[in-house]
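Student: Keeping the supplied structure of chain A fixed, place chains B and C upon it in accordance with the hints.
What follows is the residue order along each chain.
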Amino acid sequence: MISGNGNRVLVADDNAVDRKLLAKIVGSAGFEVVEAVDGNDAVDKFYSDKPDLVLLDALMPGRDGFSVAREIKAHDTDEFVPIIFLTSLTEASDLARCVEAGGDDFLSKPYNQVVLKAKLQAMQRMRETNQTVQLQRDEIARHHMQLVADQEAAKAVFDNVAHTRNLETPYIKYLLSPLAMFNGDVLLAAQNPANSVYVLLGDFTGHGLAAAIGTMPLADVFYSMTAKGFTLSQIVKECNRKLGSVLPPGYFCCATALMLDFNRSTVEVWNGGLPSAYLRKASSSDIRLLASNHLPLGISSGDKFDDTTLVYEVELGDRLFLATDGVIESRNAAGEYFGSDTLEDIISQGEPYDLFDRVQNAVNSFVNFDGRDDDLTMVEITVVTPDQVQAAEVVGDVEALGGPRDWKFSYELGPKSLKDFNPLPLLQQVLMGAPYLRTKATAIYAVLAELYSNALEHGVLGLRSEMKSSAEGFAAYYAARVSALENVEGFVRFDFQGELMDEDVHLRIRVTDSGNGFDFEKFVARAKDAVDTVGGYHGRGIRLLWDLCETVNYMTPGNQIEVTMHWNVNDE
Amino acid sequence: MSIKSQLDDNLQKLIIAIDGRFDFSAHKDFRDAYEDLEEKPHSYRIDMSEAQYIDSSALGMLLLLRDHAGGDSADVEIVNCNADVKKILTISNFDQLFTIA
Amino acid sequence: MNEVLNEELLNELKLIMEDEFSDLMQTFLVESEKQFLSAQSAWDGGDFPKLRLSAHSLKGSCANVGAEQLQQTCALLENQALAGNGDHVPELLARVSTQLNDVHDVIEQL
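Residue numbers (this note's numbering), protein chains in the order written: chain A, 1 to 572; chain B, 1 to 101; chain C, 1 to 110.
These aren't lab readings, by the way, just hints derived from the structure by calculation. All C-beta atoms, glycine included, are put in the ideal place defined by N, C-alpha and C. Any given hint could turn out to be false.
Stretch-level coverage of chain A by chain C, calculated; a stretch enters the list once three of its residues show a Cβ under 8 Å from a Cβ in chain C [said to hold, decoys possible]:
{"id": "1", "stretch": "110-123"}
{"id": "2", "stretch": "182-191"}
{"id": "3", "stretch": "278-284"}
Here are some, though not all, of the chain B residues that point toward chain A, as calculated from beta-carbon distances under 10 Å [stated by the list, open to error]:
{"id": "4", "residue": "D55"}
{"id": "5", "residue": "S57"}
{"id": "6", "residue": "L64"}
{"id": "7", "residue": "L65"}
{"id": "8", "residue": "V79"}
{"id": "9", "residue": "K87"}
{"id": "10", "residue": "L97"}
{"id": "11", "residue": "T99"}
{"id": "12", "residue": "I100"}
The following block holds chain A by itself, in its conformation from the complex (with noise of 0.2 Å):
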């Protein structure tokens, strides 16, 4: 048990017989020994020799036993060193002085061999037991380290996956805790070709690791297909999908998708599994709840899956608020829960524009402790007007001169696709191809959205934008929608030509759908007039139309509509 280290023993006695005696004894137990003849030389000695176990003499002459003791102990910060008082010492206030000075134990003279011999033994079990406890303790923080510098390098990949710099823009407001992915949190906001923003509120079952692994397919889907301008639908669809296959039976997401069309004025919604989500009006205290009427994502199966989504009025002003259910249980002291009711009393009393900070604070002094927003999620977004959303940056950097430079291309879709097809994304696909249409993908993407969306809702399906004349009538007009798709006939079919003269870009889109027409006449006279009144719930179509493109024509009897798009490849 005296292995080659650990086994100096330094012996301070003043007095010559009995410091021969102990070293004597302590030689002969196996110890290297070190003797010190005063308390200067004891501390000399421990710092030159750096003894494991010290004999020390209480009462010597110069600098005595208790004051070389409280210098050792305070030395030793890692490193046990035990020290045991030599005394002849009997009175119990001298031995509480040795305990007081770092004494470990106690040696009374005579010296007795068998006695010193079992206290060497005794300190040394407890050296080594310190130094186990030590070992494991440098254990424990060299992994804590380590699992800290894991979820450092998990944080970073979480940051670049989730893209957590989209939500860095004046219009979103959010509460993100660095740990959410181990919490299962996930907030993801993107925008699509058009400028509409998604934005998605996502917690998994579980924590740690269990709970983020989904984080990156589940971005990986959001963030590609809404760069491709896929619908709200499609792309809870396919994250559905693609959780089912990833995660574990029994793990699935809770989530909120949405997105926002600044041009259109509106908001969809798709909720599964989170509390309800809120829209605040910006000129009155009315709320409106955005209730789970879905399964979470990554429990039904491929077409069980109910991908239908609500689309709400929006006002410049209105506040859209979405958190995960830690806002909702977050405890007091007395263990009660926050409760939904109190989150809607604060949304809908005072003004908007704190609506973010009233339930943060509201929370945190419910809770009352600090540090609270660890685990709180939550998000905001603000309804902004269309040029206050940044544009999606422009990906790659290409030759804009390069590419096809007279081409033209025709696409029909017939009835099974338009049903539940969305042609969008792959239209875009194509005329990005031609490097120099990129720099305007924005509003391309927009013409064309407007273009089909008129074609197949006013054209083939027949429905009446008067209808979303009220909020009602929104609502009636996105439901009739859905059950017209059910058994659409017809068909809506591009006409695509475009053009580079020496650094002209010309562009023509012709859209004819196998509806009856309408008086495009008259509509297009109202529209004008209405131009330069704000809000008003039609209208707003044709002015998008008027904005982006050089040129907007109907033709008889109004299932036919070509605009021209034209610009220099160096304008802005």
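Tutor: Frame of chain A; chains B and C shown alone:
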């Protein structure tokens, strides 16, 4: 938290009673309650009358049971839920997967 | 000899010290003499703390070599010095001197 299970008199239905908080700590007990039965019962009843609270990992456990019981053809009912428990099941729309009474 | 030095303890000391036993004893002779002189001069100079320390040190050595009577006298002297009471010091110093001589005699005959 405790979980007790028993087969009904004609051995057709397994009744699993949850007592206390139904969360991840119940994971093993809950699974033990329905796995390793000699014969698979035709239907299942989860009795929540003594359950105070469920969390999302409990929802996951319910999904696992549903899978075990045959997925879409499973016959699993969840009964006697208190208001809090029912709310959580409702938000997640689990009434689409289970009979909730 | 029993009255002056504890024989049992001495024998044990021999076992422990082996061939360094006589060296230890020689050290005792030298050191104990020094400590006595130091005590004496402390008393002459009226230095109670030094008197106490010398008496204490001599007491410890005595304990280790089994000079039990001398040890007891040293303890009495130490207590007097600690209390700052000089009434019995001359008497105790004289007793230490006598007993120390006895111990030395016995040791030299070993």
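Student: Each hint needs a verdict: does it hold in this structure or not?
Tutor: Verification of the supplied hints:
Interface restraint, the stretch 110-123 of chain A with chain C: holds (3 residues with C-beta to C-beta distance below 8 Å; minimum three). Residues of the stretch 182-191 of chain A lying with their CB closer than 8 Å to a CB of chain C number 0, which falls below the three-residue condition for coverage. Residue count for the stretch 278-284 of chain A with a Cβ under 8 Å from a Cβ of chain C: 0. That is fewer than the three needed, and the coverage hint is violated. Given the 10 Å rule on beta carbons, the hint for D55 of chain B holds: about 9 Å separates it from the nearest Cβ of chain A.
Hint on S57 of chain B holds. Least Cβ distance to chain A is approximately 6 Å, under the 10 Å limit. A distance limit of 10 Å between C-beta atoms decides the matter here; for L64 of chain B the minimum to chain A is near 4 Å, and the interface restraint holds. Taking 10 Å as the C-beta cut-off, the interface hint given for L65 of chain B holds, the closest approach to chain A being about 9 Å. The criterion of a C-beta within 10 Å of any C-beta in chain A is not met by V79 of chain B, whose closest approach is roughly 20 Å, and the hint is violated.
Because the closest C-beta pair between K87 of chain B and chain A is about 9 Å apart, less than 10 Å, the hint holds. Interface restraint check: L97 of chain B against chain A, minimum CB-CB distance 7 Å, threshold 10 Å, status holds. The beta carbon of T99 of chain B comes no nearer than 15 Å to any beta carbon in chain A, farther than 10 Å, and the hint placing it at the interface is violated. The closest approach between the C-beta of I100 of chain B and any C-beta of chain A is roughly 13 Å, which is over the 10 Å cut-off, so the hint fails.
Checked against the numbered hints given earlier, the structure breaks hints 2, 3, 8, 11 and 12 and satisfies all the rest.
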